[in-house]
Amino acid sequence: MTKLVEKRTVDMEIIGDWVEPNTRVLDLGCGSGVLLDYLVQTKKVSAVGVDLELAKITACVRRGLAAYQGDMTDFMRAFPDKHFDRVICSRTVHELGDPTAVITEALRVGRTLTVGFVNHGFWKNRVDTLLRGRKLRNPVYTTEWFESRPANPVTIADFEHFCAAKNIHIARRAHLAGDWHSPCRALPNLFAGYALYDLAR
Amino acid sequence: MTDDIDTLPSAPGAETTPRHLAPGEVGLVAPRDFIYSHPFSFRSGQSISGFQLRYETYGTLNATRDNAVLICHALSGDHHCAGWHTPADKKPGWWNNLIGPGKAVDTRRFFVVCANVLGGCQGSTGPSSSNPETGRPYGILFPFVTIGDMVRAQKLLLDHLGVVELHGVIGGSMGGMLALRFATDYPRFTRRVLGMATTGRESAQAIAFNEVGRQAIMQDPAWNRGDYTKDAGPRVGLAIARMMAHITYVSDASMDRKFGRRKKNTANGDAYTFDVQFEVEGYLRHQGQSFINRFDANSYLYITRALDQFDLAHVDGTLEQAFAAVEAETLIVGFTSDWLFPPEQNRQLTLALLRAGKRASYAELSTDLGHDSFLLESEELYGLVRGWIERDQPYVFDYAI
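In order, the protein sequence lines correspond to chains U and R.
Counting in this note's numbering, the first sequence runs from 1 upward without gaps.
Counting in this note's numbering, the second sequence runs from 202 upward without gaps.
I should point out that these hints are in silico values taken from the structure, not numbers from a laboratory.
Glycine included, each C-beta is placed from N, C-alpha and C at the ideal position.
Hints may contain errors.
[What the hints assert, rightly or not] Pairs of lysine to any residue, SDA-like flavour, derived with a Cα cap of 25 Å: (1) U:K135 with U:D158; (2) U:K44 with R:P388; (3) U:K56 with R:P388; (4) U:K44 with R:R392; (5) U:K56 with R:P240.
[Claimed, not checked] Using C-beta positions, here's what the derived DEER-type ranges look like: (6) U:A101 with R:V413: 19 to 27 Å; (7) R:D512 with U:K82: 27 to 35 Å; (8) R:A289 with U:N22: 55 to 63 Å.
Work the whole structure out from these sequences, hints included.
What follows is the structure in structure tokens.
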């Protein structure tokens with residue numbers, strides 16, 4: 001039988017480093033469950049994912065992952081405080097209809113919230129927008145605007161401003177350069193292509 | 202469950218091969234009887250000296266005796282869930298689209314078992330069975346049956362068949378209740394649970410519909426406090442109960458699509474009579490009539506009572522406590538147009554399992570067929586069932602970034 005091989009991305013690796021073994025993890029917008037599967041295999045976490053699409057839930061079930069089809073805020077409201085050790089919102093935060101409500105709920109049901117997103121403030125994105133005048137396209141934003149859910153062009157500066165305004169403590173951050181691979185060491189809002197945050201109350 | 206699940210027309214050129222001989226079908230099957238000849242106590246405290254369960258199996262039990270998949274039927278269903286009894290049968294078993302060689306529940310891999318519930322009337326012991334003490338049918342002297350009693354009787358059957366562990370248990374509607382009860386009552390035995398269009402407890406509305414059905418039966422003078430012979434009994438009451446229940450299994454949209462306001466060709470086209478005028482009326486009357494020829498009115502009372510009494514949370518306090526011992530991996534599937542056991546009740550089951558720290562998933566299919574959607578011929582549904590029952594080999598991660 002052929003083995004199903006999946007590529008581990010750097011943001012997956014970083015999240016994997018941040019996750020404690022044998023903990024309870026919730027992934028908001030889990031998609032086909034690639035990240036959760038990775039965390040189950042490497043950190044033996046007890047995992048559950050939430051997604052809106054039936055096909056994604058089917059993919060998760062096929063992997064043996066617990067997955068829930070439905071609205072993520074409604075889902076979290078069904079759980080007591082700190083039920084999860086970690087809530088993950090990877091490559092999803094830009095699509096949230098009410099980011100404040102989701103992040104607030106996530107910080108209630110989870111001890112830690114991990115957020116990963118594409119930095120729209122990255123200089124190439126700025127130049128690209130200026131020169132091409134078109135919607136950003138990359139491995140996270142794969143579709144044309146007319147095939148996409150509404151998305152917020154979040155930047156690192158915007159996100160940190162949000163955390164400050166909402167009194168959310170940033171426990172850890174990781175900024176990746178434009179290749180989403182090597183670390184970005186200076187002026188992240190300008191030079192980082194991808195950002196990861198660990199948040200707590 | 203409705204009686205009119207349309208089977209797909211056979212493919213062109215397939216006329217020469219009867220469907221029961223076609224590849225990918227379980228083919229001709231025969232029911233068998235399991236006789237348990239020890240006293241059996243019901244939850245009510247009442248007991249009987251033994252019982253019979255009629256069942257069917259497809260596929261083969263493996264050497265390790267752990268590839269069994271139990272199918273649990275709904276209120277009016279039975280043990281005949283796949284294949285044909287005779288070549289002349291018009292329709293195969295009620296879940297034939299799901300079960301067979303190469304189908305979602307693959308009988309080449311799994312040993313599939315389906316039994317008529319205790320209290321039923323399709324060959325299993327129930328109120329229409331002969332009471333050994335009187336030599337006459339039990340009638341309402343039959344002990345009150347609970348979903349838990351039905352499950353316990355089926356566990357005895359599985360023990361008899363040599364099943365040491367259930368690979369999975371699948372059920373829709375009431376069948377889902379049995380499946381969940383297997384997980385709570387036999388946690389080590391039950392590895393996987395798949396409940397569709399089900400609930401942990403009926404809503405007031407669902408109980409209300411059952412009560413109207415029971416009243417239709419009990420107010421029929423022929424019911425005679427449950428004392429009637431096989432060919433007599435409350436036929437009018439049972440037919441009305443079925444007509445009304447049938448409406449709750451479908452949806453406004455599906456009835457509208459199927460019948461709309463189309464009228465029957467009446468002899469004189471006279472609108473001013475109470476004869477059947479609309480097609481939907483004729484259809485419901487047909488449903489009622491075909492039901493009384495295959496179902497016992499007292500069984501209908503007992504099983505609907507068991508449905509109403511079922512309350513997973515009530516047994517242990519909360520759903521989470523009820524699920525505390527569960528070891529099964531559970532998949533619950535809700536259907537958007539199900540207004541009898543609506544998606545919300547299916548979601549609550551999954552959420553409670555997750556709060557109890559269990560591995561549970563919830564998926565929802567958009568259909569307009571109502572409660573009976575779980576019988577849908579849908580690749581999406583088959584995909585889910587396959588994912589749950591078979592599971593891919595673990596994905597391997599390429600660590601070279």
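Taking the hints in turn, this is what the structure says about them:
| no. | hint | result |
| --- | --- | --- |
| 1 | U:K135 with U:D158 | 19 Å, holds |
| 2 | U:K44 with R:P388 | 23 Å, holds |
| 3 | U:K56 with R:P388 | 28 Å, violated |
| 4 | U:K44 with R:R392 | 20 Å, holds |
| 5 | U:K56 with R:P240 | 49 Å, violated |
| 6 | U:A101 with R:V413: 19 to 27 Å | 42 Å, violated |
| 7 | R:D512 with U:K82: 27 to 35 Å | 30 Å, holds |
| 8 | R:A289 with U:N22: 55 to 63 Å | 59 Å, holds |
When held up to the earlier numbered hints, the structure conflicts with 3, 5, 6 and fits the remainder.
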